[in-house]
Amino acid sequence: MALKERPKPFLLPEYCKGCGRCIDACAKDCITAGHQINPLTGLVPIELDLTNCNACGLCMDACPEPYGLRPAHEGPIKKFELEDPAKLYGVKPSDAPEPQDVPSVVLPLPRTEPLVIKGTYASAIGAILAGCRHVYGYPITPSTEGAELMAKFLPKLDGTFLQAVSEVAAVNMMYGTAGAGLPTMTFTSSPGFSLMLEGVSYMIGSELPGVFVDVMRGGPGLGNIAPEQSDIKLACHGLGHGNTQALVLAPSTPQEMLDLTILAFELSFKYRNPVVILSDGYLGQMTGKVQLPETMLKPGVPKWAVYGDALHRKNLISSIFLTETDLEAHNVHLNAKYEAMKVEVRSESFRCEDAEVILIACNTPARTAKGAVQELRHQGVKAGLFRPITLWPFPIEALKTALHGAERLVVVEASAGQLENEVRLALSKAGIRDYPEIESVRRMGGILPQQDEILAQVMGRKEVLA
Amino acid sequence: MSKASVIYDKFDRHSHAQGLKGHATHYCPGCGHGLAHKFLAEAIDELGVQDRTVAISPVGCSVFLYYYFDVGNSQAAHGRASVVALGHKFANPDSVVVSYQGDGDLASIGLAETIATAQLGAPITVIFINNAIYGMTGGQMAPTTLMGQTATTCPTGRNQYNGQPMKMAEIIAGLDGPIYVERVALFDAKQRIKAKKAIRKALRNQVEGRGYSFIEVLAECPTHLKMSPEETESWVKDFMEPVFPLGVKKDLTVEPWFHRNPPSFEGAKILQLAGASYEHPVRHCSGFPTHLAPADISLKLAGSGGDGAQTAAMLIARSGINEGFDATHIPSYGPESRGGTSYADIHVAEEEVLNPGSPDPQILIAFNAPSLAKFGPTVRKGGVVIYDSSVVSDAPLLDPSIKVFPVPFTGIATDLGKAVVKNIVALGALQAATGIFPKETFLDAIRVALKEKCALIPLNEEAFAWGIKSVEALRR
Numbered sequence: 001m002a003l004k005e006r007p008k009p010f011l012l013p014e015y016c017k018g019c020g021r022c023i024d025a026c027a028k029d030c031i032t033a034g035h036q037i038n039p040l041t042g043l044v045p046i047e048l049d050l051t052n053c054n055a056c057g058l059c060m061d062a063c064p065e066p067y068g069l070r071p072a073h074e075g076p077i078k079k080f081e082l083e084d085p086a087k088l089y090g091v092k093p094s095d096a097p098e099p100q101d102v103p104s105v106v107l108p109l110p111r112t113e114p115l116v117i118k119g120t121y122a123s124a125i126g127a128i129l130a131g132c133r134h135v136y137g138y139p140i141t142p143s144t145e146g147a148e149l150m151a152k153f154l155p156k157l158d159g160t161f162l163q164a165v166s167e168v169a170a171v172n173m174m175y176g177t178a179g180a181g182l183p184t185m186t187f188t189s190s191p192g193f194s195l196m197l198e199g200v201s202y203m204i205g206s207e208l209p210g211v212f213v214d215v216m217r218g219g220p221g222l223g224n225i226a227p228e229q230s231d232i233k234l235a236c237h238g239l240g241h242g243n244t245q246a247l248v249l250a251p252s253t254p255q256e257m258l259d260l261t262i263l264a265f266e267l268s269f270k271y272r273n274p275v276v277i278l279s280d281g282y283l284g285q286m287t288g289k290v291q292l293p294e295t296m297l298k299p300g301v302p303k304w305a306v307y308g309d310a311l312h313r314k315n316l317i318s319s320i321f322l323t324e325t326d327l328e329a330h331n332v333h334l335n336a337k338y339e340a341m342k343v344e345v346r347s348e349s350f351r352c353e354d355a356e357v358i359l360i361a362c363n364t365p366a367r368t369a370k371g372a373v374q375e376l377r378h379q380g381v382k383a384g385l386f387r388p389i390t391l392w393p394f395p396i397e398a399l400k401t402a403l404h405g406a407e408r409l410v411v412v413e414a415s416a417g418q419l420e421n422e423v424r425l426a427l428s429k430a431g432i433r434d435y436p437e438i439e440s441v442r443r444m445g446g447i448l449p450q451q452d453e454i455l456a457q458v459m460g461r462k463e464v465l466a
Numbered sequence: 001m002s003k004a005s006v007i008y009d010k011f012d013r014h015s016h017a018q019g020l021k022g023h024a025t026h027y028c029p030g031c032g033h034g035l036a037h038k039f040l041a042e043a044i045d046e047l048g049v050q051d052r053t054v055a056i057s058p059v060g061c062s063v064f065l066y067y068y069f070d071v072g073n074s075q076a077a078h079g080r081a082s083v084v085a086l087g088h089k090f091a092n093p094d095s096v097v098v099s100y101q102g103d104g105d106l107a108s109i110g111l112a113e114t115i116a117t118a119q120l121g122a123p124i125t126v127i128f129i130n131n132a133i134y135g136m137t138g139g140q141m142a143p144t145t146l147m148g149q150t151a152t153t154c155p156t157g158r159n160q161y162n163g164q165p166m167k168m169a170e171i172i173a174g175l176d177g178p179i180y181v182e183r184v185a186l187f188d189a190k191q192r193i194k195a196k197k198a199i200r201k202a203l204r205n206q207v208e209g210r211g212y213s214f215i216e217v218l219a220e221c222p223t224h225l226k227m228s229p230e231e232t233e234s235w236v237k238d239f240m241e242p243v244f245p246l247g248v249k250k251d252l253t254v255e256p257w258f259h260r261n262p263p264s265f266e267g268a269k270i271l272q273l274a275g276a277s278y279e280h281p282v283r284h285c286s287g288f289p290t291h292l293a294p295a296d297i298s299l300k301l302a303g304s305g306g307d308g309a310q311t312a313a314m315l316i317a318r319s320g321i322n323e324g325f326d327a328t329h330i331p332s333y334g335p336e337s338r339g340g341t342s343y344a345d346i347h348v349a350e351e352e353v354l355n356p357g358s359p360d361p362q363i364l365i366a367f368n369a370p371s372l373a374k375f376g377p378t379v380r381k382g383g384v385v386i387y388d389s390s391v392v393s394d395a396p397l398l399d400p401s402i403k404v405f406p407v408p409f410t411g412i413a414t415d416l417g418k419a420v421v422k423n424i425v426a427l428g429a430l431q432a433a434t435g436i437f438p439k440e441t442f443l444d445a446i447r448v449a450l451k452e453k454c455a456l457i458p459l460n461e462e463a464f465a466w467g468i469k470s471v472e473a474l475r476r
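Residue numbers (our numbering), protein chains in the order written: chain L, 1 to 466; chain D, 1 to 476.
Hints were generated in silico from the structure; no laboratory data involved. From a predicted model like this one, the values you see are computed outputs, not experimental measurements. Just so you know, nobody snuck in bad clues.
Partial selection, computed: residues in chain D whose CB lies under 8 angstroms from chain L:
1) 73
2) 94
3) 273
Just so it is clear, CB atoms sit at the ideal spot from N, CA and C, and this is done for glycine as well.
Could you build the full structure based on these sequences and the hints that come with them?
In structure tokens, the structure reads:
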């Protein structure tokens, strides 16, 4: 029986970089270092003399270039065509199919009595109902109960909870699962969110969905574990390096922790962008009444995902665009997306219609401010509360309406003016110049503004004005 | 040999495949990456897993791995490839995930991720290219740079003040998670055959669900070692190999274990986990307890960890919600809640709780003397204070408008045989002292909370009744 003849090597000099690995590999000294510079590549390809070649193939094994030393083709080469080795070796294009969506399914959920649970639990249950079965996290007070609940529930639902080695690792696990096209989330608090921002920037650059629940605490540095609205600036204007934005939602009750988490997943997939939920230490820990929805989601696999199957083989998840014009085009695309997100603005106006004093607050301070509005109304002051639910984009049109006829504007917040800056920026960008001087009630360090402090600001000033 | 089908026919992602870039790699002449790519591509081909493969491109020269591999591609941040790989693997356990990383990526900036992923042991394949230098950033010191070797950030040669080279294969093999660790090289035909075999085995271990494999490849970087490709091969052999000995560092025979069911989306199961109830709770109140406050009642429970203040607070909030009101409960949390003081702010409102904090409560339940001393004076005029008279001997003087109920929570609970029910005694006392909700409201909430531990219900009912009796006795 005749052995099948082994092929001898063949080389297109244009694809040889002249490294010479093949020279040592050849026992028959068929290959020598070249002397002539290839005009097209500027490199010096090896020279091949196959007189003594026994077709051992070791030179081809040694060649690092995919289109370098190759088995000799059949038939003579007429003319080398630069971009088409297919002509030489036969066409073998990628057989990966055009990626397709595997659609999500909305499933009914029977009506139940309201739960009595804390904010982080409400958010965790919201995530499960939104179809999230992959949660990665690192313990940090006051957000940890969310991760703990996931660690308890997800194994029972054949889901995954991994405690990562750090927040940096947690966000990158999210990057992987989001890259595979599945819903994923984390619970963290301010210092942890700082650590995750690198990953958030990559997720935005690679257009990946994911939900970050930041239960804000006192800062800077280690600060303390009491509630502060310390990350408004970070979430609205500092999501890591580069041209980054994400929808920022600010719940103010355990019920909203659930509702806005479900919404966050929806928006995150709609825009292929992370969504940040800014909660505060009180809200994360606070137990309250939470009504579950009547549907839940079984997620599919979007067509852009890298799921690890034939249907999605063609895809690439990446934030690198080496060519400057490509990166500029990518940023133009991201900007268009950020612009499109502006339809998602949400807010609540409480008794603003005839209000002369408008309070602006979000998260737990908004509850207190609502209490203050009722007390002020009781005392004959026409007060109202404007509560932004999306902090980015800021609901400026609704604020404009609320401000109609207002004589005073008081921002109530547990930070050194981070919410006020958002208000000022939104007013400025909208070209609104005619608004009352902004007054403030601010506490920091883990202390929330109290109702009597709001009353003192409003009533005290009123007396002065009178 | 012939090009593996896993390598794209044309490198469209390489500068839009312009000119030679459509078929040439971006690597320098003599670079080790090309060979490692080739062996990986051949292994994917041979195992028939092209459709299932997800290749993680790192940061460094091999950031453009995705130019060449016709598989699912995901590009990670510097150092994070191994955890991105985990994210993919757990999203789709059937996928075959390869984390391909250089020395700066794997052994420096991503060291925590590298070690933690290896120790986790989930079946992924890590290919580690060690060429003792930073390539893409231009010849800086790597964690694997040899002692005495010069680099732009150790221009006179690496010395003790720069630390010593990281021997990653040995470090990884020292962990319990990995099942297979080998260090291979590319400098001659024999080493290349071993390298190819090792990469294939590392991939097969994953395909069969056996565990985590790590292949360290000693590779050449002629450009930054400032040598010819041939000299670099000799350098790797003569200088790198003695520091980084080749060979199998760990090879365990492990039965396939990584089996994961598809996630469940069964609504009933989720509702059960969440503790949701389909039964409408019976209401016992005829209306909001306006005898206490027109629309919002503020309470504080304070004690030390283990007194059960948080459980009692939870039961008050649940009782309020079962009666159709709104209620909130904020626990103290953080360092002081681990064994120190533990207190809870509770509000019950007819429609909506607006101020969930209780800085000046109407009702205080104090489980010990420090709590009573601290919060007693904050109670509003006309309010109610109930405290554990078993442990508090000297009650502070409070405003005369405040009604004070000393009840021996601990004494009663101990007599009943279980000190932990003192919080339920306190709830009974609260019910009798304030009439905030009818008895049945509390008892329903207690029974629901104990539905998994039915045997404890009679004891708790008794404790509750004793709390009521104690207050009634004080009234007489």
